[in-house]
Amino acid sequence: MSDRAPEVAETPKSSSAPPPAADHGHAHDDHGHDDHGDHDPIHAANPHLAHHFDTPQQQFDAGKLGIWLFLLTEVLFFAGLFCAYTVYRAMRPEVFVYAHYFLDTRLGAINTCVLLVSSLTAAWAVRNAQLGQHALLKLNIVITICCAFGFLGIKYVEYHHKFEDGLLPGPRFAPTEQVWELPSFKAKHPEAAEYAERLVKRAEKLEGSKQGAAVPAPAVLGGAAPTSSTVAGNPPAAASAAATGSAPLAPGAVVEAKPELPHGTTTSAGTSPAETAPEKTLLSETTQNGEGRPTLEQVEPLIAAGVIGPKAENRDVPSRPRNAHVFFSVYFFMTGLHGIHVAVGIGVWIWMLLKAMKNEFGPNYFGPIDYTALYWHLVDLIWIYLFPLLYLIH
Amino acid sequence: MASPSTTADVVATPSSSDSDNYLTHDKGIASWLLTLDHKRIGVMYLASVLTAFALGGTFALILRTELLTPGKTIIEHDTYNQMFTMHGAIMVFLVIIPGIPAALGNIALPLQLGAKDVAFPKLNLASYYLWVLGAVCMLTSLVTSAADTGWTFYAPYSTTTQTNVIPAAMGAFILGFSSIFTGLNFIVTIHKLRPPGMGWFRMPLFTWALYSTALIQVLATPVIGITLLMMMVERTLHIGIFDPTLGGDPVLFQHFFWFYSHPAVYIMVVPGFGVIGDIIPVFSRKRIFGYKFIAVSSLAIAFLGFLVWGHHMFVAGQSLLAGSIFSAITFLIAIPTAIKVFNWITTMYKGRIHLDTPMLYALAFLWVFTIGGLTGVFLAVMSVDVHLHDTYFVVAHFHYVMMGGAITALLGGIHYWWPKAFGRMYNEKLGRIGAVTVFVGLNVTFFPQFILGSRGMPRRYYNYLPEFQPLHQLSTFGAYMLGVGFLMTAVYLIQSLRKKPDAPANPWGSRTLEWTISSPPPYYNFHTPPTVTRGPYDDYEDLVYDPKIKGYVEKKSGRAASA
Amino acid sequence: MTMVSPLLLLQPATNLPKFPESDEFWMPLDASVTAHDTDWLYMFMVWGSVIFAVAIFAAMFYFVRVYRAKSREANEHAEPSSEHNTTLEITWSVIPMFIVVALFVWGFQGFVSLRTPPKGALEIQATGQKWKWLFDYPHGTEDALHVPVNVPVRVVIHSVDVLHSLYLPNFRVKMDAVPGRYTDLWFQATKVGDFPIFCAEYCGTSHSDMLSHVIVHAPGDYEKWLAEQKKKLEDIPLPELGKLLYQKQGCSTCHTIDGTRLIGPTWKGMFGRTEKFTDGKSLAVDENYIRESILDPQAKVVDTYPPSMPTYQGKLSDRQLSGIIEYIKSLK
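Residue numbers (the numbering used here), protein chains in the order written: chain C, 1 to 394; chain A, 1001 to 1563; chain Z, 2001 to 2332.
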């Protein structure tokens, strides 16, 4: 480890020249923290060497350790968000499946490439600094900055689309399009998309025929009536907890726990079919119209995305999963925080560019470029994790 | 290797009243506000932290006065709730966490390493200004509608209450960065700026403690940062992370919060261990017993501290399995902590003990921390914790370790390094009276609270059942005693600054490097790093007391001390 | 600091719970089957701590006395002694380790028993809300926890707003009330009597007033009491029913009946009064408005009052709602 103090026998890292006796009278000098370097040859020869370091190597090593520690804190900072992501994805996978259809994977992939290129130029810039290649250094810094701006630009476009489409965090979440209407969904699951459309039309017909009377909620796929209260104050999530079977509640709730399979087993073990059999469900409407039971391809993607089934917000008609907004909360928080770090990185790179334009860097002094590039690599690395976690959910 | 290099610089005459030092070197307010000198930054931190302590302490006195009667005494429900919140937030974030590292560490660490400064002086100043900014944010909350969530900000109360939570949380967030930067600075300083001959096991225990603390600061603080950020975003944008009506999970907040806040209590107390570890050998004129064990136990405590956060959540709805793991590991932490206490006491065995003020504080620490630590064991026992959780037993426990541990050590360290930092000795008699008053006050205030808690008195209660009144009154009486003790201490310390500098380089006869230079030190500390040839607590016999200067000098050379 | 909410009245003194007399020093009277284990373990630690602490303090005082230096001028040196002793270090690590392992095991076992309600335990639902505990029985809701003696009782707990914690000190049990989730605790009372209930998780302004009682009935009395309560609610005239519910459902925490302003508007003179709401509209208070405010309190919030009322949807029968309405009408 280069940080071990050398044993006594070695030459100390300090300058070999003994401090001049005249130093005592130097009170009036402000060698406070300026590097006048008139004490010893090492400081004189290295204008960038701070007064409290003895050699440029020591200064560089200290800076290196410092930036690595800082990056460690950044990792821990983001780790909290990744943890929240993990917890919510484990608790509500359907929300994540549902939401990812709304993201533009293409733009995400382009951004990934942009950042990777910028990481390359950043690393190259370090090499340029080490070799004293001033022109190339400046060029690489400029390209890095441009890529960073490009990243932010594409992010802006993505965010803009989301705002337009009503995909906002929290209670402002109000998507203008249904998930099965999205091209991304249609491309992957054409039968499911079509089936969802059909169910919507049937629900509208049913509504119309009942002339606005309070519908006793015939569930899409059978099952008991929904819980009577969703007014804030009763534990609404308890209903979902019941649906996932995780809380010891009244038996009536258990009926909702299992999603109905389309093959006709309308009852799961032990649950009473009495609540399901006599009701006119959309499902039975379908079959009565002689179209046959829906297939797995039609139903499964919709259930996985919480559009229909026990996790859906609305039992009567295809909709979206409960608490779908949580995904977008996590999405905006994580990408937003990452974007802020990109912006800060741009600021630091500009500062480096200004210094590079004065040809300050060279084989004897390239620490700041090295540290900035390290920071930049971390920003890139965080995006490499974010991209699949948010955009490539299957 | 020929003679050590720097000690030639040390002026043999210890009085620095006419020679230049870091306090007198540059004049003017700008030279202080824009200083990069770690000693000046440390002094500014010291003044700031103690001011915050006075504010938090005033709140404590008001709270305890309110608790003199079971019903309303002097303030309303809401004021009480806001006050205990701000008392906790100020004490935790503005006083104890920065406390010893930022104030004493900044002054002493580079000196103990024979260095000219910390690794990143500008970052150090930035740390200080972040502290100031964090303090301003907290004060903003205080003077508007002060947060009333408790310093723990539990959701969903914190995400729905109408009080001004955001500035308080933002303040804590910013203070987190101040803490991170201090820790980062110290880690690099200790790794890279040690002098020749000072291997890891020749570092003073204070340095070891600061190192372990810095590791925790760097690793744990970002998590509270993101937690507070999430809480603030939840409050403003209602994103649904912690609030169940929005699809969130309140217990998740507790996990995130305590993941930082448990290691945070080790940030608070481990530096205290370091101060005690430096004081006891000096005032026993004897090498510390079990140096390696003490040094490594700080690291062990730092590491284990990350694995026990769930012991705050045994009744929060956590699973049995998780709870049992947290409980088991919590017990483990007791072991390295106990080792320290045993080793410190054994150091005194066959020593020659001088009961100056720093030593009185160290002994007080041993007493108060033992009680505090033992009562932590009660809380680690799962079944007993069910009864004691969220009662005054917990309040008593953490005040014993935080007030009794961290604050007592801070005061001990202040008294120990005061002559070095300011070149003046305080009035020793008043120092001893202050130490005894604080010690007695501590015990009278907080011991009755153990009994209150085990008898069922919950915490954060504005009103209480009449049967608890006598113990509350006793506790309040102790609080006033504490207030008097602190006030007295502040007065004689400030008084001492008005004298001419009269402190020798080495009044206590210590062997660590900071005592080899003048009191106060020159602005540059050391021209070149001294070469270290001995451990930090070795060869007290080679020092002899010179009554003329009231300090110790080398027997052979007559110098203050050498490496 | 500004105040958040208007002046609060204290709980009427007659309703304050009280600890039964006990000659214990540390603990309140133990009244449950599991209290004994908790208390035993607690006292084991008290004595263990005393021994440990006394040993440490004795060593400290002894060394200070015996090894006290005369003065600095005397330049006394420490006597030679070893500076490290690995055997000693290991000894005083291992012995405490055995002790803490034992403590962990006992604590864990005790905890498991506290978390494992016996089969067939009597179940009672507890709801925490700012700032009242409500308990559900077959006949309806009460504001105190009534249980029979010597019968295991499992309390299923949840909160309708923020975190609370149900704490029964005499039974040594506690469990957080978490919104959006159900938690539970169980106990078996061994003594007949009236014991305090506290809220043990800070929940705002009146956290310290969120008190209640555990009333442990003698054998046979519990069923009698249940029957009595049922009869009460069925027979009594509506306004009287409303008055009863005013206390038992927690309305009294926020609404007065004498004209004083509390967290919510006073019921005195409310019926027929024209109220103005936070959205600017106003209307005269009638039966429909009262019903709506109970079932969907956020629908119309009276101006200058906080929107903190929880809903009673699903908790009150139609007759009970009518009772409250009639009671309010009677408060001119």
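Everything labelled a hint here was simulated from the structure, so no lab data went into it.
Please note that the accuracy of each hint is not assured.
Said to hold, decoys possible - Under the rule of at most 30 Å between Cα atoms (straight-line distance), these lysine-lysine pairs were calculated in the DSSO-like manner:
1) Z:K2230 with Z:K2248
2) A:K1350 with Z:K2332
3) A:K1122 with C:K355
4) C:K64 with A:K1122
5) Z:K2231 with Z:K2248
6) A:K1122 with C:K358
7) Z:K2018 with A:K1072
8) Z:K2315 with Z:K2332
9) Z:K2231 with Z:K2268
10) Z:K2070 with A:K1499
11) Z:K2018 with Z:K2231
12) A:K1429 with Z:K2070
13) Z:K2018 with A:K1550
14) A:K1292 with C:K64
As the list claims (entries may be wrong) - Facing chain C, a subset of chain A residues (Cβ under 8 Å, in silico):
15) A1119
16) L1125
17) Y1129
18) I1166
19) L1219
20) V1223
21) Q1469
22) P1470
23) L1471
24) Q1473
No residue lacks a Cβ here, since even glycine has one placed at the ideal position from N, Cα and C.
Ascending list of hint numbers which this structure does not respect: Violated hints: 2, 13, 16, 17, 18, 21, 22, 23, 24; rest satisfied.
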